[in-house]
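2 protein chains.
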Amino acid sequence: MEYEANKKLIGIIGGMGPMAGVNLSEMIINETIAIKDQDHLPQVLLSVPQNIADRTEFILGSVSENPAHAIFSMLKKLGLLGVTVAGIACNSAHAPAIFNVVIDELNKSKMKLKLLNMIEEVAKVIKLEFNGVNRLGVLATTGTVKAGQYQLLEDYGLKVVYPTEAVQKKIHQAIYHPDYGIKSVTGSISFKSRQQLENATRSLIYEKVEVIVLGCTELSLAYKTNNFGGVPLIDSNRVLARALIRAIDPSKLKPWRQK
Amino acid sequence: MEYEANKKLIGIIGGMGPMAGVNLSEMIINETIAIKDQDHLPQVLLSVPQNIADRTEFILGSVSENPAHAIFSMLKKLGLLGVTVAGIACNSAHAPAIFNVVIDELNKSKMKLKLLNMIEEVAKVIKLEFNGVNRLGVLATTGTVKAGQYQLLEDYGLKVVYPTEAVQKKIHQAIYHPDYGIKSVTGSISFKSRQQLENATRSLIYEKVEVIVLGCTELSLAYKTNNFGGVPLIDSNRVLARALIRAIDPSKLKPWRQK
Chain A
54 MEYEANKKLI GIIGGMGPMA GVNLSEMIIN ETIAIKDQDH LPQVLLSVPQ NIADRTEFIL
114 GSVSENPAHA IFSMLKKLGL LGVTVAGIAC NSAHAPAIFN VVIDELNKSK MKLKLLNMIE
174 EVAKVIKLEF NGVNRLGVLA TTGTVKAGQY QLLEDYGLKV VYPTEAVQKK IHQAIYHPDY
234 GIKSVTGSIS FKSRQQLENA TRSLIYEKVE VIVLGCTELS LAYKTNNFGG VPLIDSNRVL
294 ARALIRAIDP SKLKPWRQK
Chain B
54 MEYEANKKLI GIIGGMGPMA GVNLSEMIIN ETIAIKDQDH LPQVLLSVPQ NIADRTEFIL
114 GSVSENPAHA IFSMLKKLGL LGVTVAGIAC NSAHAPAIFN VVIDELNKSK MKLKLLNMIE
174 EVAKVIKLEF NGVNRLGVLA TTGTVKAGQY QLLEDYGLKV VYPTEAVQKK IHQAIYHPDY
234 GIKSVTGSIS FKSRQQLENA TRSLIYEKVE VIVLGCTELS LAYKTNNFGG VPLIDSNRVL
294 ARALIRAIDP SKLKPWRQK
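Line by line, the protein sequences give chains A and B. Residues 54 to 312 (this note's numbering) are what the first sequence spells out, left to right. Residues 54 to 312 (this note's numbering) are what the second sequence spells out, left to right.
What the hints contain is simulated information worked out from the structure, not anything from laboratory work. It cannot be assumed that every hint is accurate.
[Said to hold, decoys possible] Just the calculated beta-carbon pair ranges, DEER-fashion:
1. B/Gly114 with A/Pro303: 32 to 40 Å
2. B/Lys277 with A/Asn279: 15 to 23 Å
3. B/Lys307 with A/Gln311: 33 to 41 Å
4. A/Lys163 with B/Asp208: 50 to 58 Å
5. B/Ser304 with A/Glu207: 41 to 49 Å
6. A/Ala219 with B/Arg188: 58 to 66 Å
7. B/Asn153 with A/Lys180: 49 to 57 Å
8. B/Lys212 with A/Lys163: 57 to 65 Å
9. A/Lys307 with B/Lys222: 29 to 37 Å
10. A/Lys277 with B/Gly282: 25 to 33 Å
[Claimed, not checked] Derived list of chain B stretches under chain A, where covered just means 3 residues or more per stretch with a C-beta under 8 Å from a C-beta of chain A:
11. 78-88
12. 98-107
13. 129-137
Beta carbons: idealized from backbone N, C-alpha and C, even for Gly.
Isolated chain A, as found in the complex:
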C-alpha cells in the first residue's frame, strides 16, 4: 500500500471523549486542500474509551491509575499500522503528570513516531496568527485548569486568565453532568450546557481577555463559530488538526481563517 511506501500516516488517539476524536478526524479533512477523495491525507483514529481512566479524575486524585499507560498502549498499536505522527484528542491528557509519562515511554521505545503537544501548538498559533495579543482566557475542565498545562503559554509571554472558581464549577458541569453535560448528551448540546458555557465566556470577556482558548476538546462541539461577542475563539482541537496536516504535508494545509 502506498502509505507504507511513503511512510506517512496521521494517528489520532481518541476516546477521550469519543466525539472529540471524531471531531479531530473531521477537522483534519476540513482543513485539507482537496477536491476529490484521493486528495485527502491518510489517517487512523483509535478510540478505546473503556480502557482509559478519566483524565480529570486522575489529576484531581480520585483515581490512582495514570491514563498515560493506556495512551501509550494505543500509540504502540498506531505504530504497528505505520503511523508517523500522532495527536491526542484531549486537553486534560496533556497535563504534565500524564503527557510527560507518555513521552518518557515513547522515548524509551524504539518507535519512529512523533507525538505532537496540543498545548504547544496552541501557543505557536497565538504567536503567529494573533501577534500582539497579551491576555488570553482558557475554558477547560477543572482537571486541565488544576493541572496547569496552559501555564506553558506564559513561557511565550502570554497572560493566562481562568474563570473564577464558581464559574469553573459550572463549566465542568456543562461538560460532565450526567443529565445534561456534553459527554452524556450525544448528538446535540443541551440548552443548560450552552447557557453555562456562554455565561463563562462572558465572564472571561469581562476580564478583558483578547482571545479565548477552547481548552477542552468537548467544547469544539458546543461552539460552532470562531468568535464570541467579537472575541476570537481558538479551538485547541482545530489547532491540533492543522499541526498534524502540517507535519505530513504542509502544501495541503488551508490558510488559517478566523471565521
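Go by the hints and put chain B onto chain A.
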C-alpha cells in the same frame, strides 16, 4: 489492554469519501447507550483515500483497478489491531464486482473478522422497522445504481425505484461536481447540491415510494432529518453503524427512532 482480552473491536474502512468514514464513526457514538466516555464501544477508523480508486469510475469502466484489493489490504491492517467486526463506509464499494472480491479474499485468509454488508443491513431494517412497505426509492451515485446492488432488496419482496436518467445525472453532480459537489465542498453543503438533491427526492415521492434509502454515504451529510415531505429517509450509513454496535454489544444499541 482490555479490548484484546475481550476480543471485541469495531473496524471502519473509511476514506470513500473520508467524511463518510468519520460520519459512520460518529453515528456509532450517537446510537450507543452511554452516559460517560468509558461506556462507549471501542472502534478504529482507517482512512487511506489516496490508495483506493474511485468506486464509481471502476464500476462504470473508466478505471481498471478494482478497489477491492486496496479495501482488503485495509482489512488486514484492521485485523492486526484485533478488529472483530468491520464495515465499509461506502455504498458503491458494496457493488458485487467489488464487495464479492473483498469477501473472497477475506474467506481465503485466516482472519477472524466479520465484514458486514451494508445493503443487507438496510434490507433487514426495512423488514423490521417498516413492515408492510413495498415501494422504496434509492438515492445513490450512478455507480451504485448501475452496479445494481440495491436489487438485493427485491429478494426481500421490495420494489426498488430509481430516479430517471436525467435526475440521476443531477444527483451524481450533487455528489461529485468539482466546484459544488459534496465531495469537494467540505465543511458544508452547497446550495446547488442541496437543490439538486431535493428535486431528486421529490421526483421519487412523485413515483409513490413509501420510504427512501440514502444509498450513498455522502448523502448522510446532506440530509440532517430523517424524513422528507413525510416520507421516511433511511440513512444506509446509520443502518451500518447500528449493525456494528449490535454485532459487538446489542445491549448498548439505542432503540430505532425515525426522527
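Going through the hints against the structure:
1. B/Gly114 with A/Pro303: 32 to 40 Å: holds, 37 Å
2. B/Lys277 with A/Asn279: 15 to 23 Å: holds, 21 Å
3. B/Lys307 with A/Gln311: 33 to 41 Å: Holds - the Cβ-Cβ distance for B/Lys307 and A/Gln311, about 37 Å, lies within 33 to 41 Å.
4. A/Lys163 with B/Asp208: 50 to 58 Å: holds, 53 Å
5. B/Ser304 with A/Glu207: 41 to 49 Å: holds, 48 Å
6. A/Ala219 with B/Arg188: 58 to 66 Å: holds, 59 Å
7. B/Asn153 with A/Lys180: 49 to 57 Å: This hint holds: roughly 54 Å between Cβ atoms.
8. B/Lys212 with A/Lys163: 57 to 65 Å: holds, 60 Å
9. A/Lys307 with B/Lys222: 29 to 37 Å: holds, 31 Å
10. A/Lys277 with B/Gly282: 25 to 33 Å: The hint (25 to 33 Å, Cβ to Cβ) holds, given that A/Lys277 and B/Gly282 are roughly 27 Å apart.
11. 78-88: holds (count 7)
12. 98-107: holds (count 9)
13. 129-137: holds (count 3)
Violated hints: none; the structure is consistent with every hint.
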